[in-house]
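Required output: the full structure, derived from the provided sequences and hints.
Take 1 as the starting number for the sequence shown in the numbering used here and just add one per residue.
FYI, nobody ran anything at the bench for these hints, they're computed from the structure.
Relax, there's no trap hidden among the hints.
Ranges between beta-carbon positions, derived for each pair:
(1) Gly77 / Asn294: 16 to 22 Å
(2) Gly116 / Lys309: 54 to 60 Å
(3) Cys170 / Gly378: 21 to 27 Å
(4) Ile447 / Glu281: 28 to 34 Å
(5) Pro432 / Thr235: 33 to 39 Å
(6) Val137 / Gly77: 32 to 38 Å
Glycine included, C-beta positions come from ideal geometry on N, C-alpha and C.
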Amino acid sequence: MTNSSATKPLTVSFLQSPLQGKIKVPGDKSISHRALMFAALATGESHITGLLEGEDVMQTAQAMQALGAKPQRIAEGEWHVIGKGIGQLTEPEDVLNMGNSGTSARLLSGILASHGFLSIMTGDGSLRKRPMKRVTVPLSETGARFETREGGKLPMAIIGTAKAKPLEYCLPVASAQVKSAILLAGLNAHGITCVEEPVATRDHTENMLSHFGVEVHVENLPKGGKKISVKGPVTLTGKDIKVPGDPSSATFMLVAAAMIKGSDVCIENVGLNPLRTGAFEVLKWMGIDLQILNERIEGGEPVGDLVIKAGELKAVDVPPEHAPSMIDEYPILSVAAAFAHGKTIFRGLEELRVKESDRFTSIVEMLRGNGVQVDIDGDDLIIHGTAGNIPGGGLVATHMDHRLAMSASILGLVAQKPVKVDDITFIRTSFPNYFPLMNALGAKFDI
Numbered sequence: 001m002t003n004s005s006a007t008k009p010l011t012v013s014f015l016q017s018p019l020q021g022k023i024k025v026p027g028d029k030s031i032s033h034r035a036l037m038f039a040a041l042a043t044g045e046s047h048i049t050g051l052l053e054g055e056d057v058m059q060t061a062q063a064m065q066a067l068g069a070k071p072q073r074i075a076e077g078e079w080h081v082i083g084k085g086i087g088q089l090t091e092p093e094d095v096l097n098m099g100n101s102g103t104s105a106r107l108l109s110g111i112l113a114s115h116g117f118l119s120i121m122t123g124d125g126s127l128r129k130r131p132m133k134r135v136t137v138p139l140s141e142t143g144a145r146f147e148t149r150e151g152g153k154l155p156m157a158i159i160g161t162a163k164a165k166p167l168e169y170c171l172p173v174a175s176a177q178v179k180s181a182i183l184l185a186g187l188n189a190h191g192i193t194c195v196e197e198p199v200a201t202r203d204h205t206e207n208m209l210s211h212f213g214v215e216v217h218v219e220n221l222p223k224g225g226k227k228i229s230v231k232g233p234v235t236l237t238g239k240d241i242k243v244p245g246d247p248s249s250a251t252f253m254l255v256a257a258a259m260i261k262g263s264d265v266c267i268e269n270v271g272l273n274p275l276r277t278g279a280f281e282v283l284k285w286m287g288i289d290l291q292i293l294n295e296r297i298e299g300g301e302p303v304g305d306l307v308i309k310a311g312e313l314k315a316v317d318v319p320p321e322h323a324p325s326m327i328d329e330y331p332i333l334s335v336a337a338a339f340a341h342g343k344t345i346f347r348g349l350e351e352l353r354v355k356e357s358d359r360f361t362s363i364v365e366m367l368r369g370n371g372v373q374v375d376i377d378g379d380d381l382i383i384h385g386t387a388g389n390i391p392g393g394g395l396v397a398t399h400m401d402h403r404l405a406m407s408a409s410i411l412g413l414v415a416q417k418p419v420k421v422d423d424i425t426f427i428r429t430s431f432p433n434y435f436p437l438m439n440a441l442g443a444k445f446d447i
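In C-alpha cells, the structure reads:
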C-alpha cells in the first residue's frame with residue numbers, strides 16, 4: 001500500500017454537544033506489528049484476530065510476504081500466516097517499503113541482520129528523515145553491514161549474516177524499538193543476546209516471544225531497569241494471537257470526553273499492559289473520572305473496558321521515568337494540559353525529538369499557534385493551562401505525523417476559534433476509522 005501525495009486539510013470548530021456512546025478502538029499497533037513478524041518467523045501456522053489494518057501494519061504484512069512468509073487476510077482484523085521459520089526467510093526481489101512505520105523499519109532491521117542476504121529498505125518522506133543509527137550501530141556488532149544515507153537515514157542496504165554474533169548491549173536511552181531489534185537479531189545468533197534498559201519499556205516483544213515458545217529471561221535491575229536475555233538460535237512455534245484494543249488510540253477519545261462538558265464514553269476491550277498505560281495514570285492524576293471495568297487476560301495481555309466522564313482537569317508534574325510508558329501519548333496529553341487549570345510540566349521528553357516528526361517541537365508549535373503559553377527547559381515541556389479557554393484560531397502543521405494530526409483535531413473541538421489542520425491523510429497509518437468512530441460519539445467532524 002502506498003501513501004497518496006495529495007494532502008487533505010481539515011478545519012475543526014468548537015463542539016457544542018457532549019460525546020456519548022460505547023465503541024471499540026482498533027487493535028494495538030505495537031502488538032499487531034509483532035504478531036505478523038513473529039508468525040512469519042515461526043514454524044507452522046498462526047491465526048491472528050483483532051489485527052490493526054492501518055497502513056503501518058500493512059507495510060509489515062507486505063514486507064513479511066516479500067521475505068517468503070504467507071500472510072493472508074481472512075476477514076476484517078482476521079489473518080492467517082504460514083511461517084518460514086527462524087533463519088529461513090528469503091531474499092526479497094524488490095525494495096522493502098516501510099511507508100511511515102518506524103516500528104516496521106527498526107524491528108525488521110533486527111530480523112534481517114541475522115539472515116545472510118541483501119535487502120534494501122526505504123520509507124515515505126517522513127520515515128526517510130528519521131534516524132536509524134540507534135539500531136544499525138549495535139546491530140553492526142552481529143556481523144551485519146548497513147549502508148545508509150548521510151546521517152544514518154533511509155534508504156538503507158542491509159547485508160545480513162547467517163552467522164550472527166550474540167550481543168550484550170546497554171541502551172543509552174530507553175527504547176522498546178531498539179531493544180526489540182536487538183532481541184530479534186539474537187533469535188538467529190549462536191549464544192546469549194542480552195539487552196539492558198535503564199527504564200522498563202513496553203514488553204510486547206518479550207511477552208510474544210514467550211507466547212511463541214521462546215524462553216526469555218527478564219531480570220529486574222536495582223535502579224529500576226531490566227535485563228532481558230535470549231539464547232539463540234531458537235524455534236518459534238505457530239500460535240493463535242488475539243490483539244487487544246490500542247491504548248494509545250483510546251487516549252484520544254478519553255481526552256476528548258474528559259474536556260467536553262457532559263460527555264460519557266465507554267471504550268471496550270482496551271489493552272492494559274502496565275508498560276503502556278502511563279497516560280491513563282496521568283489522566284487520573286489530572287482529576288479525570290476514569291474507571292476500568294471487566295479486567296481480564298486475553299492472549300497473554302491484560303485488557304479491560306474504560307469508562308470516562310467529563311470533569312475539571314488540573315495541572316500535573318510528570319517525572320521523566322514515566323515517559324516510556326506513554327511516549328506516544330504526549331501530543332494528546334499536551335492538549336489536556338493546555339485545557340487544564342494550572343501549569344503542567346512534562347519532564348524528560350528527548351525521545352519525542354526522533355518520532356514520526358520532531359514531536360517535541362511540533363507540540364510546542366501546535367499549542368503556541370493556538371494561543372497557549374508554552375515554555376521549554378532542556379527536554380522539559382512546560383504548558384500553562386487555560387482553564388478550559390484555549391483561544392484557538394491557528395493552523396497546525398502536522399509534518400506527516402498521524403498522532404499530531406489527531407491531537408490537533410481534538411484541540412479544535414474545545415478551542416474558542418476554529419483550528420485548521422494542514423493534513424489528516426496520515427491518520428490512516430495507525431487509526432483508519434478514527435473519524436467515523438469520533439463522529440459515532442457525536443464529534444461532528446466534517447470530512
